[in-house]
Amino acid sequence: MQRHGLDRSLLLAVGGLVALGLLTLYSAGQTDVPSAATSIWKRQVIWLAVGVTGAAAAFRVSPRVLEWATPALYGGAVLLLGVTLFFGTGAGTAAGATSWLAVGGFRLGQPAEIAKVATVLMLARHMGALREPPPGLVKLLPTVAIVGVPFVLVGLQPDLGSAMVFLGILFAMLYWVGVRVRLLVLLASPLVSLLLAFSTISWGAWIVILTVVLLWVRPYALEGVALWLVNVAMGVMALELWKNLAPYQQNRLLSFLNPEIDPRDTGWNIIQSKVAIGSGGIFGKGFTAGTQKRLAFLPEQHTDFIFSVLGEEFGFVGVVVSLALFAILLVVLLRIARRAVDGYSSLLTAGVIGLLLTHVLVNVGMTVGLMPIVGIPLPFFSYGGSFLLACCIAIGLTLRVAWESRLSGYATSLGDTGGWRVPSAGARF
Amino acid sequence: MSWQNSPDIARRAGVGRTILLAVFAVLTLTFFRVQVVRSDRYRLVSEENRLRTVAIIAPRGLVIDRNGVVLAENVPGYSVALLAPSPGSLGVMLDRLQPILATDSATRASVFQRYRRAPTEPVVIRRDAPFEMVSALEELRPWNPGLVIQSDPKRRYPFGDVTAHLVGYVGEVTEQELEDRDYPGARIGTLVGRDGLERRYDDRLRGRNGKKFVEKDALGRTVREAGQESMLEPQPGETIRSTVDVELQQFVAATFPAGRRGAVVVMDPRSGEILALYSAPSYDPNLFIGGIDPEQWLELSQRRDFPLFNRATQARYAPASPWKLAVAAMALRRGIVDINSRMKFPCRGGMQYYNRYFRCWRAEGHGDLTLAEAIQYSCDVYFYQLGLNVGLTALLQDAIALGFGDPSGIDLPNEYPPIFPASTDYYNERYGRRGWTSAVTLNLAIGQGENTQTLINMVRFYAMLAHPRGIAFVPRLVAGNGGEPRSLDLSESALADLRAALVAVVDRGTAAGAQIADLRIAGKTGTAQNAHGLDHGWFIGFAPADNPRVLVGAIVEYAEHGSAVAPLATRIMARHLLGPDAVASRGGYRIETPADSAPESIPILPDTALLRAPSQDSARGAAARTR
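In order, the protein sequences belong to chains Y and G.
Our numbering applies: residue 1 is where the first sequence begins, and numbers increase by one.
Our numbering applies: residue 1 is where the second sequence begins, and numbers increase by one.
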């Protein structure tokens, strides 16, 4: 591995996750009741092969070429999203949403997953070119616009979970580029307004806090006023927006707040998932032996709730191992981002971190009731071709970033030796 | 690339790493809480999720007659049930299966009602589904996973309407009954006895349901059954052996005049065991199995001749002439008369009592009679005077002591208590202290007035006369101790005298013509006044007279007179004592024109008319009076 100049820790973490993911997916199909997911792991293996090919291809692409091609990729992704919005179909876990692109009845994939990576690239290109971090909200507008377009298109499908991922990517990259935290808070304030608007008191308190913060930060007057107005508008709009949500989305949010409201319907998922995980105990019920899973009490056990299967069968130990693998993966990516030779590569890696972290946090958090049920897949675990491919490509890109930085001798110059050497065979590229 | 300069980015990387690790720490802690700290709780839920207890229905016990012939049995049957995750999908399933199940809207409503009570238990749509329906449904099962077809033994009554009032029938327990705990131990869907022995001995017949644990999936479908060790075997219901002789019962049913209403009770007076108990008209209890069709139910329950009504235990009739033996027994016990005593006034077709004239049924009069002759000819004038001699207070007191104020205690459900004044206070309350005179004694003495008795209660009284020591056990359909026997408290010679008088009734008196060769039969006819038409005929008798082994009580509504009923009863005795060849069930006897018609109703009090509520039928009238 060293010979090929690939980052060993990254590969090990990803390899571990893929192996654990496949095992869990296989088990998720082993139920006592007839299930369509019985042999789904085989298809996942095929997708994995496609993903490895995609990763290899991504690895081979020079960041310069990639940076040059980014606008086209981003444009293409947005176009696909637009097409999906008009011609898409619903399927699987998102039966109510038009998130699939199909040709002649054959479902090609979910463009939103690819759009996430494309958006990361586009943001990296835009921000990498900046001389200094955007100092004010107005300067952030182009950045926000880049994320805003796919965010809105995905949100209209409507796919709340994927839309959230775009926000995760945006904030991770803004943070990485050095935008001040208080500016980030201001940027996030309309969202907070939206969420707090369900209670007039909490929203009123938030507006007061916001006003104080605005006076303290002292952005440009126009900016400040605009932001304040946007917050007020969000608060007012909240109710209308709520009414416009699909009933299943409303239910999901409501039962997040209190699963017992409707234990047979929407709360069912959270309750059964917690029961599966909790009954797994420390060591779990054993591979393929989870009763909650076997008897189909777990909803969507091969996609959204696959982590519950892992929790039930491998117990707390299995959960800690997989969470540790994810943590290692993200920390290694953080290191890669820090050592990247150029701004584009560094930001790209930061975007991938944002993407993966959002997916892991929301998906895993959802299985234990920490997060509302917004149905987004768990990287390397959940069944799903498009997303696996997107993740593999992202990993391929970051491998390239790591390889580039080692090639430049950056790692050695800092005296960091942990697996970092100037690749001897890297000159092949 | 100023944003990327090293110290800054190193700092951000450091903070970023801290944030990352914090996020994972929070996740890990949450999982620690769920999987380690609270694991037990979730494990319990998971087990509850997985394992459900399913009742194994205990087979209901058989009912057999005294010779072991089966009166109620279980035959294989199937029930169709649905298991639905929500009321909506229940509706969809019902719609989809409608072409086969053909449920009407009432059934549908009750199905939904039942579903709401226990959504996780299968809702039975159809008990006793015919085989064609089961096979048609079985074909659709792959598309209807919530369809549950269970083997569900159903009840069958081989003798149908012959034993209907005896054995009763079963039905699914209702929500109201569960709430009232009418049937301890019953659960939703349990079949419980509704009438007859099925009801009375329900707790013994039902047995105890077993339990098994089955693994269910999220939709409640059974995946596999848990190990045998975790199973609780059902305890089958007891077999109840009745004292009834079903061959005799069949003979009774066949001999009972077709189209007539009434009842017959056959008892062994030595033990109180009931040998046959028949009420006409009857019904087929098999109709109730698998849930009775509402139209049939309406027909059965609304029919003017009330087939569901047990005329042996639930209909009250004026006891009429058979009652005279009670008055005679009281007078003998009190030493007021002996069997040869004569009354002050001979019978001249009636007697004057203060301002009223009380008639005898025989307008020409019976002349001067002894007690034995008065019984033989059922002379009213004699008993008017005998009643006055005993006195109203003593009469009421003795009658209560003999059990005429209480139900017989037979082991059948819903026996109606007789109506009989507990003391003279009854009259005070009813008519006011000065509103009545001792003239009520005269009516009471001949079995009219404020006195209605069930057939079974009269039979119990005659059992005392038949018993060598003058005692009667509580009538029993299932052997067992029914309680303390009642006693006439008469000397054996006095009892023999009364029996001799009763023999004379059949040989030469009102029941002459009902004799059977080779049998000495003792018995008493009676004619109960009926405000609604022809009088009801009584006959109660026993044989052989010197050592009675069988006692038959019969009442035929609108039979005009007891002498028409007597041949029916004597044939039953002969059939029982002499065997099947002695007498044919039909032909050979005729309903005779009355030799003695009932005495005219004597209007003592304007209110007595009100006692007989104006209603369709004596049965319903009796029911109305109890309210």
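By construction, these hints were calculated from the structure, which means they are not laboratory data.
All figures in this text were calculated on a predicted structure; none of them were measured in a lab.
Hints may contain errors.
[Unchecked claim] With beta-carbon atoms standing in for the labels, derived distance ranges:
no., chain 1, residue 1, chain 2, residue 2, range
1, G, Ile-19, Y, Gly-15, 22 to 28 Å
2, Y, Ile-46, G, Ala-10, 40 to 46 Å
3, G, Asp-182, Y, Lys-243, 49 to 55 Å
4, G, Arg-41, Y, Val-185, 37 to 43 Å
5, Y, Gln-250, G, Leu-29, 27 to 33 Å
6, G, Ile-19, Y, Val-321, 51 to 57 Å
[To be verified] Here are some of the chain Y residues that sit facing chain G, going by a computed Cβ distance under 8 Å:
no., residue
7, Gly-281
8, Phe-297
9, Ala-327
[Unchecked claim] Every beta carbon over 10 Å from chain Y, so not counted as near; a handful from chain G, in silico:
no., residue
10, Ile-9
11, Ala-10
12, Val-26
13, Thr-28
14, Val-45
15, Arg-156
By construction, the Cβ of each residue, glycine as well, lies at the ideal position given by its N, Cα and C atoms.
Would you assess whether Arg-156 of chain G, listed as outside the interface, keeps its beta-carbon beyond 10 Å of every beta-carbon in chain Y? Given that every Cβ of chain Y is farther than 10 Å from that of Arg-156 of chain G, nearest at about 38 Å, it holds.
In terms of Cβ atoms, is chain Y entirely out of 10 Å range of Ile-9 of chain G? Violated, since 6 Å does not exceed 10 Å.
Range hint 49 to 55 Å: satisfied by the CB atoms of Asp-182 of chain G and Lys-243 of chain Y? Taking Cβ atoms as reference, Asp-182 of chain G and Lys-243 of chain Y lie about 52 Å apart, which means the hint holds.
Could you tell me whether the CB distance from Arg-41 of chain G to Val-185 of chain Y stays inside 37 to 43 Å? holds, 38 Å
Restraint: Ala-327 of chain Y near chain G, CB-CB cut 8 Å. Satisfied or not? Hint holds; Ala-327 of chain Y Cβ to chain G Cβ min 4 Å, cut 8 Å.
Could you check if Gly-281 of chain Y really has its C-beta closer than 8 Å to a C-beta on chain G? For Gly-281 of chain Y, the interface hint holds, since the closest Cβ of chain G sits about 4 Å away, which is under 8 Å.
If we take the beta carbon of Val-45 of chain G, is the closest beta carbon in chain Y still more than 10 Å away? The claim breaks: Val-45 of chain G does not keep its Cβ more than 10 Å from every Cβ of chain Y (closest is about 5 Å).
Evaluate the given range 51 to 57 Å for the C-beta pair formed by Ile-19 of chain G and Val-321 of chain Y. Cβ of Ile-19 of chain G to Cβ of Val-321 of chain Y: about 22 Å, so the range 51 to 57 Å is violated.
Minimum Cβ separation between Ala-10 of chain G and chain Y greater than 10 Å? violated, 7 Å
Holds or violated: the hint that Phe-297 of chain Y contacts chain G, with Cβ atoms closer than 8 Å. holds, 5 Å
Between Ile-46 of chain Y and Ala-10 of chain G, does the C-beta distance stay in 40 to 46 Å? holds, 42 Å
Assertion that Thr-28 of chain G lies outside the chain Y interface [Cβ separation over 10 Å]: violated, 6 Å
Checked against the numbered hints listed earlier, the structure breaks hints 6, 10, 11, 12, 13, 14; every other hint is satisfied.
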